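Residue numbers (my numbering), protein chains in the order written: chain P, 1 to 114; chain L, 115 to 224.
These are computed hints drawn from the structure, not numbers from a lab.
Check before you lean on any hint, since a few could be wrong.
Distance windows between CB atoms, simulated [claimed, not checked]:
{"no.": "1", "chain 1": "P", "residue 1": "Glu79", "chain 2": "L", "residue 2": "Pro195", "range": "31 to 37 angstroms"}
{"no.": "2", "chain 1": "L", "residue 1": "Gly173", "chain 2": "P", "residue 2": "Ser82", "range": "43 to 49 angstroms"}
{"no.": "3", "chain 1": "L", "residue 1": "Glu119", "chain 2": "P", "residue 2": "Asn84", "range": "34 to 40 angstroms"}
{"no.": "4", "chain 1": "L", "residue 1": "Gln145", "chain 2": "P", "residue 2": "Glu17", "range": "37 to 43 angstroms"}
Since we're looking at a predicted model, the values are computed, not measured.
Glycine residues also receive a C-beta, built at the ideal position from the N, C-alpha and C atoms.
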Amino acid sequence: DVKVTQSSRYLVKRTGEKVFLECVQDMDHENMFWYRQDPGLGLRLIYFSYDVKMKEKGDIPEGYSVSREKKERFSLILESASTNQTSMYLCASSLARTGAYEQYFGPGTRLTVT
Amino acid sequence: QKEVEQNSGPLSVPEGAIASLNCTYSDRGSQSFFWYRQYSGKSPELIMSIYSNGDKEDGRFTAQLNKASQYVSLLIRDSQPSDSATYLCAVFSNDYKLSFGAGTTVTVRA
Chain P
1 DVKVTQSSRY LVKRTGEKVF LECVQDMDHE NMFWYRQDPG LGLRLIYFSY
51 DVKMKEKGDI PEGYSVSREK KERFSLILES ASTNQTSMYL CASSLARTGA
101 YEQYFGPGTR LTVT
Chain L
115 QKEVEQNSGP LSVPEGAIAS LNCTYSDRGS QSFFWYRQYS GKSPELIMSI
165 YSNGDKEDGR FTAQLNKASQ YVSLLIRDSQ PSDSATYLCA VFSNDYKLSF
215 GAGTTVTVRA
């Protein structure tokens, strides 16, 4: 079974704080993704990585950065948290096998910025 | 912009009936298609993958793909209250990423 874990299920941070969200997958997947999900806006891709130390911007990268130092770990960083970053954050991973690309999601982190 | 459109919900069906979910996509080069189920407050769970035209059955779920019409659907037979969830259609093209639809919320009435 594919397992994607996220460091926290719920997180409350103050405006201006630096926030780290961690994601770990145990299936040796090449690709990893960070999304946020908000009511009425669906899933929006923030960043993704297709290899160690590689990263690509998604649709809404502003205010975020990422780090992938090891294949199994992908971190999302909010440099200076703002209230509009209150959201559900979802990490996902997938194999790089051509024609497949099923993504498997972690349980999510519900972040509240006050 | 690659678009994935799903039929707007919510969709309410009686227990035991068939729930029919539809999805259209804009990128004719799309190769792989997925259905995810998401319970309220939980993360999306992959329930079906389909890569070639035709039907694919898995238990009570049947995915149908028609690439010429750029259309993919999901049928849930013998719907159960536990099927009440939001169903997301996702489409893969050729740049590592999936494009997701907004989702259709299904409620199965006991």
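So does glutamate 119 of chain L sit 34 to 40 angstroms from asparagine 84 of chain P, Cβ to Cβ?
With a Cβ separation near 27 angstroms, glutamate 119 of chain L and asparagine 84 of chain P fall outside 34 to 40 angstroms, so the hint is violated.
Whether the CB-CB distance between glutamine 145 of chain L and glutamate 17 of chain P falls inside 37 to 43 angstroms:
holds, 41 angstroms
Determine whether the Cβ-Cβ distance between glycine 173 of chain L and serine 82 of chain P falls within the hinted range of 43 to 49 angstroms.
holds, 44 angstroms
Glutamate 79 of chain P versus proline 195 of chain L beta-carbon gap, inside 31 to 37 angstroms or not:
violated, 44 angstroms
Of the numbered hints given earlier, the model fails hints 1, 3; all others are met.
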